[in-house]
Amino acid sequence: MSGNGAEARAAGVRVLLVDDEAAFLETLRKRLARRGLTAEIAVSGEEALDVLARAQEIDVVLLDVKMPGLSGIETLQRIKAAHPLVEVILLTGHATLEGAVDGMRLGAFDYLMKPCEMDDLLAKVFEAKARKTELEGRAAGGGGTP
Amino acid sequence: MFDRHYYKSLTRSMVLTVFLVSLTPLALVSAITSYQFHTSYKDRVNAHLRELVLKHKRNIDGFLAEKLAVIRVLADLIPESRFRDPAALQAILKSLQDRHHGAFVDMGLVDAHGVQVAYAGPLRLERARYAETRWFREAMRHELYVSDVFLGLRGSPHFIVAVRVRASGAEWILRATVDFESFNELVESVAVGQTGLAYIVNNQGEFQTRPRREAAVGPAEMRGILARASEGAGRGDFSPESAAAGIRMSQAAVALDVIHGSAGGGDVLLLTAPLKDGAWTLAYQQDEADAYESLYHARNLSLFAILGGGVGILLMAVLVSNRMVNRIVEADRERDMMNEQVIEAGKLASVGELAAGIAHEINNPLAIMLEEAGWVLDLLDDEHLRRHESHAEMVRALKQIRQQGGRCRDITHKLLSFARKIDPTVKLVQVNEIVRDMAALSDQRAHLANVRISVDLAPDLPEIPASPSELQQVLVNLINNAIDAMERGGELKVSTRLEGASVILDVADSGMGIPKANMARIFDPFYTTKPVGKGTGLGLSICYGIVRKMGGEISVDSVLNQGTVFHIRLPLEEARA
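Residue numbers (our numbering), protein chains in the order written: chain A, 1 to 146; chain B, 1 to 577.
Honestly, the hints are just simulated from the structure, not real lab data. It is possible that part of the hints are untrue.
With the C-beta cut set under 7 angstroms, the calculated list includes, among others, these residues of chain A facing chain B [unchecked claim]:
#1 21
#2 80
#3 83
#4 101
#5 113
#6 115
#7 118
Think about it this way: if two alpha-carbon atoms lie no more than 30 angstroms apart in a straight line, the pair counts; the simulated DSSO-like pairs of lysine-lysine are [what the hints assert, rightly or not]:
#8 30/A / 66/A
#9 427/B / 124/A
#10 80/A / 66/A
#11 66/A / 516/B
#12 124/A / 66/A
#13 66/A / 55/B
#14 399/B / 427/B
#15 30/A / 124/A
#16 427/B / 493/B
#17 399/B / 30/A
#18 399/B / 124/A
Cβ coordinates follow ideal geometry from the N, Cα and C atoms, glycine included.
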């Protein structure tokens with residue numbers, strides 16, 4: 001279980017959960033919220049893009065690879081195109097190695113096999129958030145020095 | 001599958017087919033050529049014999065006509081009274097004998113009553129009476145007459161050439177006897193080969209010459225042949241004129257019969273030609289075997305050649321068929337083995353697909369169940385629930401649910417990774433790139449297991465023909481195995497290098513190593529040393545299958561408690577069947 005340190009790190013981390021299983025999304029959202037994370041949910045790739053367009057402050061997207069409509073990989077491409085600083089962690093039920101490799105090539109931060117342990121999930125999310133912060137800092141610093 | 005009876009009958013039918021296909025044209029060509037040769041050769045021999053007989057017939061007819069003509073000339077020029085003078089007749093006979101090489105034996109003048117009024121010759125035949133003889137009656141009826149051969153008064157074979165003369169108001173016969181021996185020699189001189197025999201018979205089949213050997217046909221049979229031969233041919237009086245007409249006869253006048261089963265045993269060719277205007281027949285006989293000797297010799301030679309060729313073809317057919325059937329046996333055995341492997345692989349694949357379907361369907365509900373259990377555990381963490389008397393029991397039960405759910409998840413993940421479809425399409429791939437990808441992909445897992453992954457890649461490695469998916473599968477399996485082998489963490493090194501015409505890929509770990517006893521079986525399917533539920537025993541056998549399919553080799557070196565290195569040798573050239 002997450003300790004106090006984790007909760008401290010969790011504060012201010014905004015996560016978007018994307019999966020076609022609404023029951024899974026809702027429970028995961030509550031569990032993340034309990035650990036101090038702000039979690040939005042979307043049941044499709046299209047909805048996820050809408051949420052991202054509305055709420056610019058999302059840090060990490062947890063994205064299911066296998067979804068009806070816009071697939072996880074397509075959604076990833078669009079997210080990275082529109083919001084390059086947002087980190088994406090792929091959630092995959094199928095151990096589709098090719099999908100994971102493609103995802104990594106397309107800019108995904110990492111991948112997780114569903115169902116996953118909360119500790120693993122949190123660890124990945126925090127790593128992703130840390131990288132995003134680092135990249136934002138670099139971008140801001142780079143922008144400050146022409 | 002390896003039915004000996006089937007292969008035996010296959011060998012038989014192949015031998016038969018090869019034999020027939022090879023021999024049939026040979027036999028056909030030989031038969032046609034032999035038939036053509038046979039026919040034309042026989043035609044040529046027959047034509048030659050006909051020509052020979054015809055020529056001889058002309059000679060004999062000429063001989064007879066000449067003798068007749070001489071007597072006729074004498075009768076025309078010399079008055080009858082001169083013939084009555086014995087001294088003059090003797091002088092004429094002497095002259096005839098001198099000019100005709102002794103062909104004439106004697107001469108005589110016979111009156112209308114058949115009394116020989118004058119005679120010159122070696123016998124004492126003055127006043128001999130011929131009134132009752134056949135030749136005299138025939139001579140009186142014809143102007144010119146050549147008699148059959150007969151014994152007559154002298155008791156030795158001879159024949160008479162007679163001319164009817166009208167003088168002093170009466171009819172006379174001027175006759176001369178032809179020497180039988182010289183005539184016989186003339187007839188017999190035609191003999192060709194070893195069995196050639198010529199003779200003359202009259203209409204009754206009676207011999208007019210004396211053959212050296214027994215003739216092939218008796219008088220009765222000969223009469224039949226003569227009757228057939230002379231069908232429609234009218235019989236006129238023989239004269240120098242008719243003999244001259246006979247000389248112009250064509251080969252068609254010569255009849256050819258084949259006498260089967262003669263006294264000599266074999267078939268006999270019998271050629272007959274009319275002589276003396278059909279009164280006599282020149283017969284020429286020769287054994288068929290003798291006449292066609294060269295033909296039969298050639299036929300025997302070619303039969304021998306065909307027989308030899310046939311035996312050769314048969315031997316070759318047996319040899320070639322045996323070799324081919326042996327190859328087929330070998331190929332069948334290999335095919336059967338392959339089939340078994342394919343069936344096994346097919347079974348495995350269908351089991352895998354079924355398992356994957358179930359795993360996928362279970363995976364999502366399982367994820368929800370685990371999340372829900374986790375959520376309840378989260379809630380039980382609340383202050384007011386902690387005080388509940390059954391709190392500890394509820395937490396224990398939920399943890400048990402999560403633990404068992406975790407087991408289910410591990411199983412579904414393994415099933416899915418085992419059954420996931422691998423694209424076997426071969427293209428040129430850069431091994432280094434795949435190694436880098438896979439190392440990166442496994443980095444998180446390695447990190448959690450306290451394993452450090454390093455890569456040592458040879459630069460400028462050539463591309464090799466392979467399926468990227470399959471190669472990824474091989475690397476992931478080997479890397480996962482290596483991580484599992486290092487329970488307390490360690491080093492995992494993946495290296496590549498070029499060696500001859502192969503790319504060498506090594507995956508080395510610093511794990512527990514493989515005991516010698518297990519080494520022989522590590523590539524066997526379903527062989528695993530991992531705890532129940534942890535390993536399927538398929539990883540290394542899948543790697544083995546993939547590498548072998550690529551024409552490569554996979555081997556392993558391991559030292560207990562020091563580590564294991566898997567060596568994969570991948571050929572630069574495609575080696576797939």
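How the hints compare with the structure:
For residue 21/A, the interface hint holds, since its Cβ comes within 7 angstroms of a Cβ in chain B; the closest pair sits about 6 angstroms apart. The beta carbon of residue 80/A comes no nearer than 18 angstroms to any beta carbon in chain B, farther than 7 angstroms, and the hint placing it at the interface is violated. Of the supplied interface hints, the one on residue 83/A is violated, with its beta-carbon coming no nearer than about 23 angstroms to a beta-carbon of chain B, more than 7 angstroms. At a threshold of 7 angstroms, the smallest CB-CB gap from residue 101/A to chain B is about 6 angstroms, leaving the interface hint in force.
A hinted interface residue such as residue 113/A counts as satisfied when its beta carbon comes closer than 7 angstroms to some beta carbon of chain B; here the least separation is about 6 angstroms, so the hint holds. Interface restraint check: residue 115/A against chain B, minimum CB-CB distance 4 angstroms, threshold 7 angstroms, status holds. Because the smallest distance between the Cβ of residue 118/A and any Cβ of chain B comes to about 6 angstroms, under 7 angstroms, the interface hint for this residue holds. A distance of roughly 23 angstroms separates the Cα atoms of residue 30/A and residue 66/A; the hinted pair therefore holds under the 30 angstroms criterion.
Between residue 427/B and residue 124/A the alpha-carbon distance is near 35 angstroms, which puts this suggested pair outside the 30 angstroms criterion. At roughly 18 angstroms between alpha-carbon atoms, residue 80/A and residue 66/A fall within 30 angstroms of each other, so this suggested pair holds. For the given pair, residue 66/A sits about 44 angstroms from residue 516/B by alpha-carbon distance, which is inconsistent with the 30 angstroms threshold. This hinted pair checks out: residue 124/A and residue 66/A have alpha carbons roughly 20 angstroms apart, not beyond 30 angstroms.
Of the pairs offered as hints, the one joining residue 66/A and residue 55/B is violated, with about 114 angstroms between alpha carbons and a cut-off of 30 angstroms exceeded. With a CA separation close to 48 angstroms, the supplied pair residue 399/B and residue 427/B exceeds the 30 angstroms bound. Straight-line distance between C-alpha atoms of residue 30/A and residue 124/A comes to about 18 angstroms, which keeps the hinted pair within the 30 angstroms bound. For the hint linking residue 427/B to residue 493/B, the alpha-carbon distance of about 26 angstroms falls within 30 angstroms, and the restraint holds.
Distance check on the hinted pair: residue 399/B and residue 30/A sit about 19 angstroms apart at the alpha-carbon level, within 30 angstroms; holds. Proposed proximity of residue 399/B and residue 124/A is supported: the alpha carbons are some 23 angstroms apart, at most 30 angstroms.
Going through the hint list in order, the structure does not satisfy hints 2, 3, 9, 11, 13, 14.
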